[in-house]
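Dock chain W against the given chain E, drawing on the hints supplied.
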Amino acid sequence: MIELRNITKKYGRRKALEGLTLSLPQGKIIGLVGENGSGKTTLLKLISGLVAPDSGSAMLNGSHITRRVATTIAYMPDADLFYPYFTVNQLIEFYESQFTDFNPMKAKEITQFLNLSLDSKIKHLSKGNRGRVKIAVTLGREADYYLLDEPFSGLDPMVRDDIAKGMIRFTDSARQTILMSTHEIKEVEPLLDEIVVLRGGRIIAHEAVDEIRDTYGKDATSWMVSLFREGS
Amino acid sequence: MGINFLPDKPIYQQLIDLITGDIIRGTLEPGEKLPSVRDYAVEVGVNANTMQRVYKELEQMEITETKRGQGSFVTEDEVRIAMLRNEMKEQLVTSFIQNVEALGFTTSEMLQHLQERGGKDD
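Chains as they are written, first to last, in numbering that gives the first Met the number 0: chain E, 0 to 231; chain W, 0 to 121.
It should be emphasised that the hints constitute simulated quantities derived from the structure, not laboratory data.
Note that CB positions come from ideal geometry on N, CA and C, so glycine has one too.
The reader is advised that the hints may include incorrect statements.
To spell it out: a stretch of chain W is covered by chain E in this simulated footprint if at least three of its residues, at any positions, have a beta carbon under 8 angstroms from a beta carbon of chain E; those stretches are [stated by the list, open to error]:
id, segment
1, 7–15
2, 43–51
Negatives, chain E to chain W, calculated, CB over 12 angstroms [what the hints assert, rightly or not]:
id, residue
3, Ala-78
4, Tyr-84
5, Lys-217
Okay, chain E solo, but in the shape it has when bound (with noise of 0.2 angstroms):
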């Protein structure tokens, strides 16, 4: 279990994250939505242990959240990280290295089922594939957590299709978490238990997607436009 409380995070004046409160239970796909700016990547930055918080706490499991307690939560950046002369299969190599949740067979499971050759290099990969062994090393860690900042944006239907269905096959939904921004909304509202929305550094509605439709009659994203329009 992931809680955050009153969370403030400042860079310079300006308040990133502020007053923010959530509990991140296992076993649960997630979607973190808001504008630009709203706080989405701080905030998963947070939960990794890559940002520390001005003042409120984040714990896992009872413990204050460091680099060193995050070794069961997979973050994946929005960027491009890979050292690109590395192959798939040298990059599945690095990444058994530095993480001991890794699992190499699992990694190299997903890459099949994902159609990529072990033996291409990053740098001759197209922008589809580079997201495609993004998600495959970072789902091959064991974790308990799965952080995944904007793993659909700028990828065609048929990469965000794929990675979709890895996301379902290759983790176990009675016990880890994935939370992800996304502003692809609509698309993945079938893939989430949860919608957690951002304004301004702070949460401003968590609800179970199945709820949203049987309390409001609509689906995430009218009820979203909705809540933005009750707000301003």
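Relative to chain E, chain W alone:
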């Protein structure tokens, strides 16, 4: 990704409708094995928890049976399937009547029209 879901109904309910529809239509036959929860979730592009809920509710509705270690199977109880068919018919007629009444048509007017149409199509 996957299926286009309607916006005003929970996804798990739409999946239950999809599977029961296949059973009524005969695309899924009595006694036929359903894919595993995860395979089916991957196929339609939904969360495995959602699919788990679909399977659980289908079992509670006695439309499927879970055999330990083997998976889920469509019931072989023809009476239950006939009931399911009637329930679906009832639902369709109820929503039809609601729509028709909302627009101010009378039942006899619609019945007459349906009979004329039926005559043409049969």
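Okay, the hints, checked on the actual structure:
Judged by the Cβ-Cβ criterion of 8 angstroms, the segment 7–15 of chain W is covered by chain E as claimed, because 5 of its residues qualify and three suffice. Evaluation of the coverage hint for the segment 43–51 of chain W: fulfilled, as 8 residues show C-beta separations to chain E shorter than 8 angstroms, against a requirement of three. E:Ala-78, annotated as away from the interface, keeps every beta carbon of chain W farther than 12 angstroms; the closest lies near 24 angstroms. Annotated as non-interface, E:Tyr-84 keeps its C-beta farther than 12 angstroms from every C-beta of chain W; the closest such distance is 33 angstroms.
For E:Lys-217, the shortest C-beta to C-beta distance to chain W comes to about 6 angstroms, within the 12 angstroms cut-off, and the non-interface label is violated.
Checked against the numbered hints listed earlier, the structure breaks hint 5 alone; every other hint is satisfied.
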